[in-house]
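J.: Spelled out from the first residue to the last, the chains are:
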Amino acid sequence: MTDILLRTGSLSFAYPERAGLFRRASMHEVVKRVDLAVPRGSVLGLVGESGSGKTTLGRLLVRLLKPTSGGIQFDGVEIGGLDEAEMRPLRARIQMIFQDPQSSLNPRLRLGTTLTRPLQVYGRLKGRRDRRDRAAALLDVVGLPADFVDRYPHELSGGQRQRAGIARALALEPDFIVADEIVSGLDVSTQAHILLLLKDLQKRLGLTMVFISHDLSVIRVLCNDVAILQHGEVVETGPVARIFASPQHPYSRELLAAIPLPDVEPGWLDEPSASAIPHQQGSAA
Amino acid sequence: MTTILAIRDLHVAIGHHADATNVLRGASLEVGAGEVRGLVGESGAGKSMLGRAVLGLLPANAIVAAGSIHFEGRDLVAMPESERRNLLGRRIALIPQDPMTSLNPVKRVGAQISNLLRRHLGLSKRDALGRAAELLVEVAIREPRRVLELYPHEISGGMRQRVLIAMAFACDPSLVIADEPTTALDVTVQRQVLQLVERLRQRHGAAILFVTHDLGVVAKICRTMTVLHAGRVLEEGETVDVLAKPRHPYTRALLAATPRADRPAEALRPVPPALIEGLWAEARRLDGQLAMAAS
Chain A
1 MTDILLRTGS LSFAYPERAG LFRRASMHEV VKRVDLAVPR GSVLGLVGES
51 GSGKTTLGRL LVRLLKPTSG GIQFDGVEIG GLDEAEMRPL RARIQMIFQD
101 PQSSLNPRLR LGTTLTRPLQ VYGRLKGRRD RRDRAAALLD VVGLPADFVD
151 RYPHELSGGQ RQRAGIARAL ALEPDFIVAD EIVSGLDVST QAHILLLLKD
201 LQKRLGLTMV FISHDLSVIR VLCNDVAILQ HGEVVETGPV ARIFASPQHP
251 YSRELLAAIP LPDVEPGWLD EPSASAIPHQ QGSAA
Chain B
1 MTTILAIRDL HVAIGHHADA TNVLRGASLE VGAGEVRGLV GESGAGKSML
51 GRAVLGLLPA NAIVAAGSIH FEGRDLVAMP ESERRNLLGR RIALIPQDPM
101 TSLNPVKRVG AQISNLLRRH LGLSKRDALG RAAELLVEVA IREPRRVLEL
151 YPHEISGGMR QRVLIAMAFA CDPSLVIADE PTTALDVTVQ RQVLQLVERL
201 RQRHGAAILF VTHDLGVVAK ICRTMTVLHA GRVLEEGETV DVLAKPRHPY
251 TRALLAATPR ADRPAEALRP VPPALIEGLW AEARRLDGQL AMAAS
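Taken in sequence, the protein lines are chains A and B. Residue numbering for the first sequence is 1 to 285, as defined by my numbering. Residue numbering for the second sequence is 1 to 295, as defined by my numbering.
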């Protein structure tokens, strides 16, 4: 039997939405009865377009949000209903890497401080000297020079900041990491380095990951399995190689067909995909 | 094929005198009538700046230091500002990157499109609104009359991008600068928008300079392409040739570093940092030579 580190059962999330000032709020479901299983040491890709609920699902998995219904089992423990105090011992084992390292790294702190703050909070630092050593070691893991401990985030390039974001997530030696669109804003020449770094770290450290992206090509590079989300529901899930080779659900097929591969393909612009898809009309995006 | 746009040895710098930074370092390219040319580059390549130079919409602190931009035979750089303004929206149009900030938030969609038609084509108010409705139909907006009455915040991002595409082609321009028009869109919507752009291009007979960082988008919509890095053209040619047999090491490296949904991870090769450093060193050497020549 495969060893499942994270499992969700009919996981749902809704928030109240008011149609008018005096109307009763109705519940707007953004994640609907999601069943996922992430084997230990594997990477699951969550892919979907804007409004698919992928980011909300990611935040549920790390318990930044509390599910409206359904459960999340982490390493055999039900964490869906835990409060903040009960979650605290588990927080060290569950980490998140955010999309925009520009805004998720504190601009006023040197990298050394940012990287070791989690260690300090969990009382895992032995004095000043240890702090510098640990920060330097973390920087080394993500391929940044040790003297970056004294740098501020604005002194780093986009790719370097994303490396720093990864280093911070690794500080507490977690088992499970959720990475949300972490290569989206990067240039191709930087992106491939970050992807391969993540892949290498994942293998070397035996990490279990959920990698959220709107970009199927990136999912292909990094993930073992993929779950395709549409309107908060998982429409198809399975091994990356199989889903990419023969998608079964119509939406998966449409999504895959819409990727512009860097090959000239006459007729790609002629296909009547525009009429097959409902227009994004009405509500403002 | 007649050349409608010829950019020669274009140098653009931002800032003044001693602390000016060069963003275009002698870029040259041509676009023929009805041609769709991709202008590809990563951030800092100067691709958007080149598009803006053609439109005459460079930032206030940027200057064209040298070179020429001939559009339909006339040098835009030497042209008086008033004449240039008359071309804009009429003969040269823009599909902007950000549909959220590119429409006037306090004017109805109908007024924005019809003002353009009245100014450039001299249509009456009534005819302009009629034509505006037809244009919305061309970009597959249902209930065009209703949408004309709406304000930009009342329509979705995808629909705003359609309105901007309709406006770009409204006066039958001979050149459209598309500045990363699909970068913020989901892939399925991106495909619809690319299909629309191609359909309108064919119907209105415009050429397009398609600015993008995405080699996939170039492959699908551009017949020719120009690869830009640090303000210099590294390679250009028919898209089919450049993608199949890239001649410049940078183009080859970019292609190898682009993740593909049809290939496993093992196929991915990151761009060697030394290659990028080498290209920037070359660019700085060029800057040095130019500064020497100027002093």
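Bear in mind the hints are in silico, worked out from the structure with no lab data behind them. By construction, the Cβ of each residue, glycine as well, lies at the ideal position given by its N, Cα and C atoms. There may be inaccurate statements among the hints.
Unchecked claim - Computed Cβ-Cβ distance ranges for the label pairs, DEER-style: (1) A/GLN120 / B/ALA267: 38 to 44 Å; (2) B/ARG203 / A/ILE4: 52 to 58 Å; (3) B/LEU57 / A/LYS203: 45 to 51 Å; (4) B/ASN86 / A/PRO16: 34 to 40 Å; (5) A/LYS66 / B/GLU238: 53 to 59 Å; (6) A/GLU265 / B/GLY130: 33 to 39 Å; (7) A/SER184 / B/GLY278: 46 to 52 Å; (8) B/ARG203 / A/GLY143: 23 to 29 Å.
To be verified - Pulled from the structure, derived: some chain B residues nowhere near chain A, Cβ distances all over 10 Å: (9) HIS70; (10) ASN115; (11) ARG118; (12) ASP127; (13) ARG269; (14) ILE276.
J.: Does each hint fit the structure? Answer for all of them.
T.: Now for the hints, and whether the structure bears them out:
Checked against the hint of 38 to 44 Å, the pair A/GLN120 and B/ALA267 passes, with Cβ atoms roughly 42 Å apart. A C-beta distance of roughly 55 Å is found between B/ARG203 and A/ILE4, which places it inside the suggested range of 52 to 58 Å. Judged by the Cβ atoms, the range 45 to 51 Å given for B/LEU57 and A/LYS203 holds: they are separated by roughly 48 Å. At about 53 Å, the beta-carbon gap between B/ASN86 and A/PRO16 misses the expected band of 34 to 40 Å.
Range check, A/LYS66 to B/GLU238: about 56 Å between beta-carbon atoms, so the 53 to 59 Å window is met. At roughly 38 Å, the beta carbons of A/GLU265 and B/GLY130 sit within the given window of 33 to 39 Å. Between A/SER184 and B/GLY278 the beta carbon distance is about 28 Å. The supplied range of 46 to 52 Å is therefore violated. For the pair B/ARG203 and A/GLY143, the supplied restraint of 23 to 29 Å is violated, since their beta-carbon distance comes to about 51 Å.
No Cβ of chain A approaches the Cβ of B/HIS70 within 10 Å, the least distance being about 29 Å, so the stated non-interface status holds. The Cβ of B/ASN115 lies farther than 10 Å from every Cβ of chain A, with a closest approach of about 23 Å, so its non-interface assignment holds. At roughly 27 Å from the closest C-beta of chain A, the C-beta of B/ARG118 stays outside 10 Å, upholding its exclusion from the interface. At roughly 26 Å, the least C-beta separation between B/ASP127 and chain A is larger than 10 Å, which holds for a residue marked as non-interface.
Distance check on B/ARG269: its Cβ comes as close as 7 Å (rounded) to a Cβ of chain A, failing to clear the 10 Å threshold; non-interface status is violated. Consistency note on B/ILE276: stated as away from chain A, yet its beta-carbon is not over 10 Å from all of that chain's, at 6 Å minimum.
When held up to the earlier numbered hints, the structure conflicts with 4, 7, 8, 13 and 14 and fits the remainder.
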